[in-house]
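Peer 1: Residue strings, one per chain:
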Amino acid sequence: MLPFFGFLMQAVLGKKSISGNIGLATIILSVCVSFFAVFLPVWNGAPLTERMHWFTVGGKPFYVGVMLNNLTVLMQLIVGIIALPVHIYSRAYMRNDPGIHRYWMFLSFFCFAMLGLTISTSLLQLYVFWELVGFASYLLIGFWFTKESAVQANKKAFIINRIGDIGFLIGIALVYTHCGTVDLGELFGPQGVFLPAVNADGSWLTLAGLAFFLGAMAKSAQFPLHVWLPDAMEGPTSVSSLIHAATMVAAGVFLLCTIFPLFNETVLLTIAIIGCITALSAAIFALGQYDIKKILAFSTISQLGFMMVGVGIGSWDTAMFHLATHAFFKCLLFLAAGAVIHEMAHFKATHQLDIDPQDLRNMGGLRRYLPTTFVCMTIASLALAGFPLTTGYLSKDSIVVQAFEWGFHLGGIYLLIPTTLAAVSLLTAFYIGRLLFKTFFGKFKFAEKLQKGELHDAPIAMTGPMIFLAACCLFPACSFHPFDYHQSWLLGEFHVKTAFAAVAEMHSAVPLVLTLGALAAWGVGWRWYVAKRYPLSKNNRWVRFATRQGYFNEFYQLLFVKGTEQLSRGVYAFDHYVVDGLTRTFSAATRRLSVAAHWFDRHMVDGLVNLIAGTTYYVGHLVRHVQNGQLQSYLGFALTVVVLGILYLIIK
Amino acid sequence: MITLTHFLLVSACIFCIGLYAVLAKRNAIMILVGIELMINAAILNFVAFSRYDKTNYGGQIFALFAIVLAAAAVAVGLAIILNVYRQFKTINPQNIHELKD
Amino acid sequence: MEQFLFYAFAAMAILSALLLVSIRNTARALFLLFIVLFAMAGLYLFALADFVAITQILVYVGGVLILLIFAFMLSNKELLADLQSTSQRFMSLPNWQSMSLSLAFLAVLVYSFIAWTKEAPEWMARAQADGSILSPTDDNIQTLGLKFMTQYILPFEIISVFLMMALIGAAHLSRREGSR
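Chains as they are written, first to last, in numbering that gives the first Met the number 0: chain R, 0 to 651; chain C, 0 to 100; chain U, 0 to 179.
Keep in mind the hints are simulated off the structure, nothing from the lab.
Accuracy of the hints is not assured; some may be wrong.
[As the list claims (entries may be wrong)] Pairs of lysine-lysine residues, derived as PhoX-like cross-links and limited to a Cα-Cα distance of at most 20 Å, are as follows:
1. Lys154/R with Lys561/R
2. Lys146/U with Lys88/C
3. Lys651/R with Lys146/U
4. Lys347/R with Lys651/R
5. Lys561/R with Lys155/R
[Unchecked claim] Partial list, computed: chain C residues near chain R (C-beta under 8 Å):
6. Val21
7. Leu22
8. Pro92
9. Gln93
10. His96
11. Glu97
Backbone N, C-alpha and C fix where the C-beta goes; we use that ideal spot for every residue, glycine too.
Input sequences plus hints: build the corresponding full structure.
Peer 2: Here is the structure:
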């Protein structure tokens, strides 16, 4: 709750809060509260739930509250611990930015939303915070809204997130219809209503599971809804590090782990397959990117694919484990990249060069100028690649090992997934090595322009958090045994029963293979990028394919954007010709009808009246002569009548 | 043999001729003449029937009265025609139509 | 013989009347009226009403007709001129409506007379049976005088007063207004 107050206060203070102290204070307090008051008591203990009545709909009450169990307190702690360094880093990184008070406002808002998401007690509340997190991400991606690309990017992110949110909502609706409650405790707790509802009628289960997965897909950037994440790099790097590396994208995985009992075989398999495809495609795309941040974005997508596979094969504890470790080293990678970009931007401004400060091809040999950054980034890269003595080694290999065990358990074609994961690990090592080598090794491209002492390391406000995070990347953070993940204290508390048995050989074979593979990949990378023996030509078709992200964006553009435009044009034409045409026809017909009616009225109706008048006039004209003052005619008429009278009498 | 019918027929003819004169003539004096003819026809009628009335002699008495009345009518009629002429400067009854509405 | 005379008188009366209404010239028409009146008097004789016939000649011909002729002859020149200028032709065209009306009346009268006299009314039959119909040898004048003085005295007096009134009135009407 504390960050929310921070958000409100900064919104009120406006321009005065450029120093960001309030945001910083709130986040520090949050971390302390979450660690001491929340994490320690609840970890390994009994879950705590606190509820408050929110509203009632037609006799069914809905609650808002706080739920604390192992999963939620772990997430909460991760969010707090990642947010803290980012806040400190941002103070230095975002200095002199004109919109900095807005930045602190949005950052606090995001932290509030994320923390709220992690401790939600019901699906409805979780959905509310889910939406808020998406909204905060939209605000932060489009932070520099004067840039056209930033505006497009945040629009894209929000729309794709929306698609996922529809899935989430459908899932909630299905669960509510069949189980009668959206409260997480009631659903999945020991006395949960979920299982009986499933046993009663489980036909809706697949649909609900897929719907929830759709939500997670959009939030965690799975294939094919991953296109928003590379474009989200338009935001500030510190934002990217917090949101798109560690926390928001992990919300999807967190959701899946929370509602894990919901999934049946079909859904789990779907999750695993999609996660696998995501991991593979993102790794391939990362190979061809030239922008530092885009490489890191694809790396995030790839690692999220790993986590999804972890969920899909049934061991969501390894997925959570990987999430925790990934948060640290990815955040560090982003912060270090931010430091590099910061320096390159300075360089560009000083020399007035027309270069992109984020482009890899403009860098090289920065090891000499930014040593601390170099060391931190190396540690993070080692963690990402999965070298021993790092947390990344433990978590990533845990997933791959579990995948192989699962594959062996099911046999046959299912072995494709673990194999792919292994290949992706090698690719991961390759691309992160590429990043490292191209940035820090070799010769600086603009060395001739360089003045003495111009490129220097980042200030302490930036390097401090980086060092802290680097320390967390090493193995003591999660386990006291460097090689065996089962002994990790983090992992051990999630008592997850998997359907497959552990295969002991895998535990030793797989990590060995992966480590050797990673070393080999780095060796190849060294040869290619540092020693400059690059075998492929610059315009190789595969490289271009990877650079252009598999032409995915173009495909989406064609399909959805152009399709919608065509549809709107078609509908407009329909409306213009058919609907308006119909109206115009009716009006023309009515006009004709009115003309006919007028003719009829004039000639028939008026004619009839005129006829009667004319007849009367004519008759009167005739009879007028009765009274003409002529004596003899008077006499004549009178006698005529007399004759007629007499004739009548005679005839009678 | 002169029966009653002969007299009546002659009377009818004279009467109708007189009627025609009254209706069709454009001269006021001729209208008077027509009236005279009609009265004469009526008198003839009276006289024809008086043959069968020996006790009262009603027909002949009334015939005499009718002759006197006819004479008086002619006198007054002429006086009126004179005055009408003085007023309208014409004796064509078709030109004297002030009686109409 | 008697019948022939009767038809002669009747024809003379009717023809003169017809001519009377056809002629345009008023003066000549008045003279034809003279003939008509004489013929009528003759017809009265055939109805055994001798006194009425004589009275007719005396009063009608000698009074009314003379009055008409004098009135016509002694009137203003303009009146005469107006009367004489009506038409050049001798005969006037009959007015069709009046003609048809007259013929209708004639037809009606003739029909009714013939239909009526087919069966004589009873008073006539009774009179004939009683023998109280007039005969040629009756003394009409004496009886008429007696009737005038006894039975019909009142109408006689009234008629005379009436006649006086009419004459005074006519004289007054036709007096030229001296004080105008």
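Peer 1: Any of the earlier hints contradicted here, and which numbers?
Peer 2: 2, 3, 4
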